[in-house]
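**Q** Here's the letter readout for the chains.
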Amino acid sequence: MKKVSTFLISIGLFLTAIAQPDSTIKSTAAMKENWDSGVVNSLKQNGGIYAVIVVIAIILGGIFWYIARLDKKISRLENRQKS
Amino acid sequence: LELVTDIPNFAPPQIRQNTMQKHWWKILSFVLLLFTVIAGFLKQIPSFGQNAETTRNVFFHVPMWFGMIILYSVSLVYSLIYLRSLKPQHDHYASAFAHAGTLFGVLGLITGMVWARTAWGHYWQNDPKQVGAALTVLMYLAYFVLRRSVNDGDKRGRITSVYNVFAYFMMFPAIYIIPGLMTSSHPGGQGDEPLMVFKMDPSLRLIFYPAVLGWTLLGVWMATLRARFSRLNDDI
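Read top to bottom, the protein sequences are chains C and V.
Numbered according to the numbering used here, the first sequence spans residues 1 to 83.
Numbered according to the numbering used here, the second sequence spans residues 1 to 236.
Wrong hints could be hidden among the right ones.
As the list claims (entries may be wrong) - Here are the computed lysine to aspartate or glutamate pairs in the DMTMM-like style, where the Cα-Cα straight-line distance is at most 25 Å:
no., chain 1, residue 1, chain 2, residue 2
1, V, K22, C, D71
2, C, K72, V, D152
3, V, K22, C, E78
4, V, K199, C, E78
5, V, K26, C, D71
6, C, K72, V, E53
7, C, K82, V, D234
8, C, K82, V, D154
9, V, K87, C, D71
10, C, K73, V, D154
11, C, K82, V, D201
12, V, K87, C, E78
13, V, K155, V, D234
14, V, K43, V, E53
15, C, K82, C, D71
16, C, K73, V, D234
17, V, K87, V, D235
If you're looking for bench data, these hints aren't it; they were derived computationally from the structure.
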């Protein structure tokens with residue numbers, strides 16, 4: 001069940017990723033205009049470097065979350081083995 | 001030497017109540033790396049030389065090498081302790097730290113190649129430091145081949161611990177002494193001041209050293225997990 005839902009979510013994400021409206025990929029000039037005139041978004045200041053920082057911070061958080069979970073699982077095994 | 005045996009986190013549940021006391025360095029690692037990313041990207045680069053914006057790689061590429069050397073040093077210490085104690089868990093720790101160090105070394109090589117493409121024009125141009133670093137990683141890969149070729153745990157521990165001492169002391173000629181005698185595109189080549197990396201711009205150092213500590217602590221965390229896993233695996 002878990003695997004099926006994960007699969008469906010990935011398919012959904014994949015479709016969202018490729019099914020972009022044409023207007024956003026028309027031309028670099030259009031993209032530039034879109035970028036400049038777009039919704040006021042604090043992430044867009046300085047050419048969008050903040051968006052990069054947020055992306056990397058999320059990846060970092062994900063990696064640490066993953067390792068922390070692994071740590072917990074190993075601790076649980078150690079405790080079970082001890083008792 | 002006996003103190004070191006207590007490093008594995010085998011505390012019974014009643015002592016585990018104070019998580020902060022036990023796990024603070026893991027949180028510190030996360031905070032330092034978050035700082036590295038934020039400050040490393042937002043900082044104005046002081047002297048906009050030929051590296052331009054790629055100067056920021058100093059916070060990500062160079063800590064891989066510092067981290068690698070520190071992790072290999074810990075591995076060496078555990079190997080020496082193992083040769084005295086002959087307790088399997090010391091061998092597990094030596095191997096796990098060498099493993100994490102090798103991961104850092106491989107990441108350092110790959111990130112270095114990407115940077116070299118931008119800065120010098122080629123992914124690989126046989127720069128003395130590149131070759132020396134590759135040699136070091138290969139020597140440690142040989143350590144793991146050696147580990148897998150001996151089935152008896154006691155024999156494996158002794159042989160690989162001795163090899164580890166050899167590999168560790170070969171690392172310094174490979175990545176420091178020989179490149180220091182040759183012309184190199186890296187800092188620290190012939191004619192450069194030795195240990196030039198310690199003389200970088202103070203405002204860069206303010207981010208660089210926290211970055212080194214953060215990355216290294218992450219490596220230590222990965223190594224301890226691996227060692228604890230090996231120990232559990234041995235007991236089953």
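**Q** Broken hints, numbered, in rising order?
**A** 2, 4, 6, 10 and 11
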